[in-house]
Amino acid sequence: MRAVITVIGKDTIGILHKVSGICAGHNVNVMEVTQSVLQDMFAMIMLVDISAISTDFSALSDDMTALGKSEGLAIHCMHEDIFNSMHKI
Amino acid sequence: MLNTFDILETIRMIQDECLDIRTITMGISLLDCIDPDMDKACRKVYDKITRKAENLVKTGEQIEKEYGIPIVNKRISVTPAAMLAAACPGQSPVKLALALQKAADSCGVNFLGGYSALVHKGFSAGDQALIESIPEALSVTNNVCSSVNVGSTRSGINMDAVALMGKVVLDAAKATADRQCIGPAKLVVFCNAVEDNPFMAGAFHGVGEPDCEIHVGVSGPGVVRAAIEKYPDSSIDELADVIKKTAFKITRMGQLVGARASEMLHLPFGIVDLSLAPTPAVGDSVAHILEGMGLECCGTHGTTAALALLNDAVKKGGVMASSNVGGLSGAFIPVSEDAGMIDAARNGTLCLEKLEAMTAVCSVGLDMIVVPGDVTAETISAIIADEAAIGMVNNKTTAVRLIPAIGKQEGDTLEFGGLLGSGPVMPVNRKSPAKFIARGGRIPAPMHSIKN
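In order, the protein sequences belong to chains A and B. Under the numbering used here, the first residue of the first sequence carries the number 2, and numbering increases by one thereafter. Under the numbering used here, the first residue of the second sequence carries the number 57, and numbering increases by one thereafter.
The set of hints was computed from the structure by calculation and includes no laboratory data. If you're wondering where the values come from, they're calculated on a predicted model, not measured in any experiment. Note that CB positions come from ideal geometry on N, CA and C, so glycine has one too. Errors might be hidden in some of the hints.
Covered stretches of chain B, as calculated for chain A (at least 3 residues, CB under 8 Å) [as the list claims (entries may be wrong)]:
#1 118-126
#2 304-312
Chain A is nowhere near these chain B residues, computed Cβ spacing over 12 Å in every case [stated by the list, open to error]:
#3 Q147
#4 G164
#5 E251
#6 V298
#7 A337
#8 V338
#9 L351
#10 V381
#11 D442
#12 A490
#13 A494
With the hints as extra help, turn the sequences into a complete structure.
Here's what the structure looks like:
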């Protein structure tokens, strides 16, 4: 089982560190990261493995939302099923 | 492998284009709650609903977090209450409405539908008493919705019920005149009502349905509008194709959420209702889709054709995306709940007669239309009869949800707030249909009802 975490916002030091720190805290393994910084805008898409997650998925999602709020970033944490069902036949 | 473009497209749809799951509705049968003692029946009703729907809201919220998709409403539909009232002659069915309200409060749902009666061929025990109690029931409850089916393609139109409903709609408005006449906003008069509709105010749980099940209603007018705006010069065929592809994606999401909800609640998955349901929010309007196709204003000539194209493409795109399609499935055109419709009604482009024509090609009917408060009950009945005739002859569901604005005239506005929005008072033809309505009886079913 995998999930997608997207982060968009103003670039600051340590965004990747904080997001992956939360993942580690929930026993979620980061599988792939693509990120780009355009001028001072930071955009990252992270694919994570949630099959060994130590908490509820909603707890991970809550922590990400809280981080987004405190850092002024838009962070979405979504189960991969939604993308697969919407975009694949 | 996941594709970056797909991920960003999904997020844009949710964040910027108001894509959401409009409702997860749990259908609950109350047939096992029937009791000749009304108080006992009410207790059984409350117990069953709160037992079955105990985790509905919590589950909905969990799925919202899992998929990152807003689920705007969690709702309940129940067996038409007239069937319970039938066992309790001489006792007021309003007690049932209060029990339903109490159950809705306990479960935390925002609407509970099923204070309903099916009288398309005639009144059976309980029906008349329930219908007559609707104005009071809607004024003493906040979240209970009511519906009455007055006609069908197979049975014709029960004109006695149509005549009665004109009075009921007017009385429901009078009973809530101090609250923006909210009563009739929770009351739908149907022809060809469906048994598995997840959308309010017309939801009820039909007797052919299982004991308890989960339905999902999707939405996304904003997504469709954004998609067609990318093709300003395309032909109509290309436009239809764009809408189909978008509807497919929206519906797949509904199917996923419904399947997940039924798995988590251990209940059968009923249907996905492929509807485009607008909200008063900016960017979530069906009227704006039609305008995006090239109409200067919704309601002008060409509106019916544009709506027919939209409705058909939504169904064709959606039907492949879901294992079970049901409910009303199509584009909704509730005036007060759609920012574009409100503007079009205010500037006089959208009138009742045009809306009536539009209902012949879209999923429901004359929905959330505010009319002057001094309109007669017979005129309301006649509007219901016209709409039921369109449904009966065209073999489709039609509905009427009119709100007489007591003490208000054309140019005034009723403010309901929330998803119900606000509605400008629209002009109504004042020539009297009273003699026609007073005849009573039944309009026979059309020739094509004889199919066997």
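Against the structure, the hints:
For the segment 118-126 of chain B, the stated coverage by chain A is satisfied: 6 residues place a CB nearer than 8 Å to a CB of that chain, which reaches the threshold of 3. Residues of the segment 304-312 of chain B with a Cβ under 8 Å from some Cβ of chain A number 5, which satisfies the need for three, so the listed coverage holds. No beta-carbon of chain A comes within 12 Å of the beta-carbon of Q147 of chain B; the shortest separation is about 45 Å. The beta carbon of G164 of chain B is kept farther than 12 Å from every beta carbon of chain A, the shortest such distance being approximately 17 Å.
Distance check on E251 of chain B: its Cβ is at least 27 Å (rounded) from any Cβ of chain A, clearing the 12 Å threshold; non-interface status holds. For V298 of chain B, the requirement that its beta carbon stay farther than 12 Å from each beta carbon of chain A is met, with the minimum near 16 Å. Look at A337 of chain B: its CB is around 19 Å from the nearest CB on chain A, clear of 12 Å, so calling it non-interface holds up. No Cβ of chain A comes within 12 Å of the Cβ of V338 of chain B; the nearest lies about 19 Å off, and the non-interface call holds.
The Cβ of L351 of chain B lies farther than 12 Å from every Cβ of chain A, with a closest approach of about 29 Å, so its non-interface assignment holds. At roughly 16 Å from the closest C-beta of chain A, the C-beta of V381 of chain B stays outside 12 Å, upholding its exclusion from the interface. Residue-level check passed: D442 of chain B sits 40 Å from the nearest beta carbon of chain A, beyond 12 Å. With a least CB separation of 53 Å from chain A, A490 of chain B remains clear of the 12 Å interface cut-off, as annotated.
A cut-off of 12 Å between C-beta atoms confirms that A494 of chain B is not in contact with chain A; the least separation is 54 Å.
The structure is consistent with each of the numbered hints, conforming to all of them.
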